[in-house]
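There are 2 protein chains.
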Amino acid sequence: MISLADQKRRIEQGALTPDAALAESLTAIDKREAEIKAFVARAKNPKAQKDGPLRGIAVGIKDIIDTADMPTEMGAPSIYKGNQPRADAPIVMQLRQAGATVVGKTTTTAFAANDPTPTLNPRNLGHTPGGSSSGSAAAVAAGMIPLAVGTQTGGSVIRPASFCGVAAIKPSYRLLPPVGVKCFSWTLDTVGLFAADVEDVAIALAAITGRSELNAPELKSPRIGVVTQDFAGPPEAGGSEALQHAARAAAKAGASVRELKMPEIVQEAWRIHIVVQQFEAHQAFAWEYRENYDIMPPLLRKRLDDSRHFTPADYDAARNVTLKARAALSDILKDVDVLLALSAPGIAPKGLDSTGDARYNQLWTLMGTPCVNVPAYVADGNLPVGVQTIADFGHDAKAIAAARFMGRALKS
Amino acid sequence: MISLADQKRRIEQGALTPDAALAESLTAIDKREAEIKAFVARAKNPKAQKDGPLRGIAVGIKDIIDTADMPTEMGAPSIYKGNQPRADAPIVMQLRQAGATVVGKTTTTAFAANDPTPTLNPRNLGHTPGGSSSGSAAAVAAGMIPLAVGTQTGGSVIRPASFCGVAAIKPSYRLLPPVGVKCFSWTLDTVGLFAADVEDVAIALAAITGRSELNAPELKSPRIGVVTQDFAGPPEAGGSEALQHAARAAAKAGASVRELKMPEIVQEAWRIHIVVQQFEAHQAFAWEYRENYDIMPPLLRKRLDDSRHFTPADYDAARNVTLKARAALSDILKDVDVLLALSAPGIAPKGLDSTGDARYNQLWTLMGTPCVNVPAYVADGNLPVGVQTIADFGHDAKAIAAARFMGRALKS
Chain A
1 MISLADQKRR IEQGALTPDA ALAESLTAID KREAEIKAFV ARAKNPKAQK
51 DGPLRGIAVG IKDIIDTADM PTEMGAPSIY KGNQPRADAP IVMQLRQAGA
101 TVVGKTTTTA FAANDPTPTL NPRNLGHTPG GSSSGSAAAV AAGMIPLAVG
151 TQTGGSVIRP ASFCGVAAIK PSYRLLPPVG VKCFSWTLDT VGLFAADVED
201 VAIALAAITG RSELNAPELK SPRIGVVTQD FAGPPEAGGS EALQHAARAA
251 AKAGASVREL KMPEIVQEAW RIHIVVQQFE AHQAFAWEYR ENYDIMPPLL
301 RKRLDDSRHF TPADYDAARN VTLKARAALS DILKDVDVLL ALSAPGIAPK
351 GLDSTGDARY NQLWTLMGTP CVNVPAYVAD GNLPVGVQTI ADFGHDAKAI
401 AAARFMGRAL KS
Chain B
1 MISLADQKRR IEQGALTPDA ALAESLTAID KREAEIKAFV ARAKNPKAQK
51 DGPLRGIAVG IKDIIDTADM PTEMGAPSIY KGNQPRADAP IVMQLRQAGA
101 TVVGKTTTTA FAANDPTPTL NPRNLGHTPG GSSSGSAAAV AAGMIPLAVG
151 TQTGGSVIRP ASFCGVAAIK PSYRLLPPVG VKCFSWTLDT VGLFAADVED
201 VAIALAAITG RSELNAPELK SPRIGVVTQD FAGPPEAGGS EALQHAARAA
251 AKAGASVREL KMPEIVQEAW RIHIVVQQFE AHQAFAWEYR ENYDIMPPLL
301 RKRLDDSRHF TPADYDAARN VTLKARAALS DILKDVDVLL ALSAPGIAPK
351 GLDSTGDARY NQLWTLMGTP CVNVPAYVAD GNLPVGVQTI ADFGHDAKAI
401 AAARFMGRAL KS
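Those protein sequence lines, which keep their order, are chains A and B. Using the UniProt record's numbering, the letters of the first sequence correspond one by one to residues 1 to 412. Using the UniProt record's numbering, the letters of the second sequence correspond one by one to residues 1 to 412.
Treat the hints with care, since some could be wrong.
Remember, identical chains collapse to one label, so a pair may be satisfied in a single copy or spanning two.
Computed list of lysine-lysine pairs in DSSO-like fashion (alpha-carbon distance at most 27 Å, straight line) [as the list claims (entries may be wrong)]: (1) 81 with 350; (2) 220 with 411; (3) 334 with 252; (4) 44 with 334; (5) 44 with 81.
It is worth saying that the hints were derived from the structure and are not from the lab.
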């Protein structure tokens, strides 16, 4: 994989020009893209910038995010073929202002829901890279680009990062501007980043937000609460091993580690994530679902068909649970620095029919808490499983600092 | 003005066909539009629907809201001339699903900021109709349409309603879906409705949200807390009279009325509205401001020029104040049913250079509370001043019920 931190260091030392850094990515894309299929569009004539902390860094943008110089087809060309927004989304502008170069639009499941893309998992071509940010995860994992942007409504950043063995952050809700991004659920949709390593993610997030404290150094002796998420069902192949391995490695490296049970209200919040998501999705996709029913991506259409029964009262009750659960979770996170949980139930499923299950991510998306994926374990078939560090809302620096600790603990 | 409630009643009684109801609006637009200039685009061949609670009702959509059959130029044709979204925004779909017919796009100040439109105030052609939802307020006030959609980030729904003498609601934050709407500030932007009378607003809001309880009957003997908003500066011509008149009328009609002072944290929230709005606006308008600086609408550009100094720390501090103020306000709203405050400092300013001052609206937008404008007083020059009933977040039915009480109290 291409290390953003390493490219940045070499550029700052004068050992690498921004043009040469960008060329490394462009060459890698030329080499791997035909096989991996991570991009739906490539920038016509990408140029490195001379200034900015991310000069020379190539970035891929999930294709539900508006770009002024490339179409935004949202993984749904049946409806959005050739759709050309006039403006760049704010996250795209932030990247450009920080010096990065957008080299292409990455594949997304249709409207960031479930209908899969043709993208392959670079770790094992017989498996899905996960979704919905399939191309962003795969492009980083294949060593094509050092940085990519995705979004998460259920588990669409952290899960593909886990399946592809890359670092990623789903920051606190709306830390990155949620504008110019196709809406699925306004309460949940969160813009996130993928990179080779946690340090890379931290550097990029600090650079584009202007919040230098987000490039946080490793947390020493963190207090970690391990959450098995039994309430969301049991882990799958590779899952149990990964979480146990990570917890042991953390303890060995000096963390104080204990298992934490989530209170009933937090478990209830996991159960009603679907109500919030689908009630809002029926409004967000009203035009697509009602005016374009016959050409709707079939899996998303079925999800909408199956969730027509949620009422405003169901939704209000779900939002009430959400508020209470956020308060309860915030209390829990006074006693530990971070929670540690699986980023996905197990390894990437075989084949491309399914992008996997978001059940270990939905709660944290609804809570709006920062989550950082750290590759933790490699199962048979070279298939990785990740763990996520989860901090309180607004404490992204702590989630990153704990993830850096975990990264070192898992390497040693 | 065209009464939505009256048209609806006549249609349901069979005394008016939906086609004839729609024709009333189309004829009125033909008659008044050349003078008032409330529309930027008109639907090509608007047809009444046969079904739905709002069948036959003509609605105007503020031109920062996406429509699939008309361009969305955002009051900024220098940048968005001919901009044609592929999809209808969710609020447009909700209206269509409820049976309404979109007859045109209404004028908006550029990007819903300050640069004025050519729209005149139907109550007095020498005065501004207010903004940013200028065309929506004016089209209802001129008797062209019974219903219009606007948005509020500072005071862009309630203030023009006050200036034009129409009813309007800025509902609880995100009660109406904030999607497919040009973003100014994601924490603040709120979709709202204009109609001739509070009953009309209530019927429309209930119909499009599927929340029948929002068509709330008049509240009997409400407990009302009068807020003078001194912290936001003194009222202007017509303002003091309007609030005093409304408070006296309420007491006479059986309300329990007392003056309430806002605690310091709530006053502080009013002061930091600007931080939240402008910090987010710099992200939301990054493409327009950085890629189209020379052709930016000048007043918005200056506001962005003047607010470049806000830091992430300023923004985080402002959000912290916001959370505390919301909790404090919610406590206050346990002791009274609603607050009553001026909808604008006074009458509409003379001329079209300014759309007036949002200082009596900003706090409530930041608090996310429902606000309903009720015309309260007519100053010299036939210029109205409104008062707003303000309920706790999520209690839109109570704000409406109290506004209906105020409407009757002010008529008797």
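Original post:
Out of the numbered hints, which ones does the structure contradict?
Top reply: 1, 4
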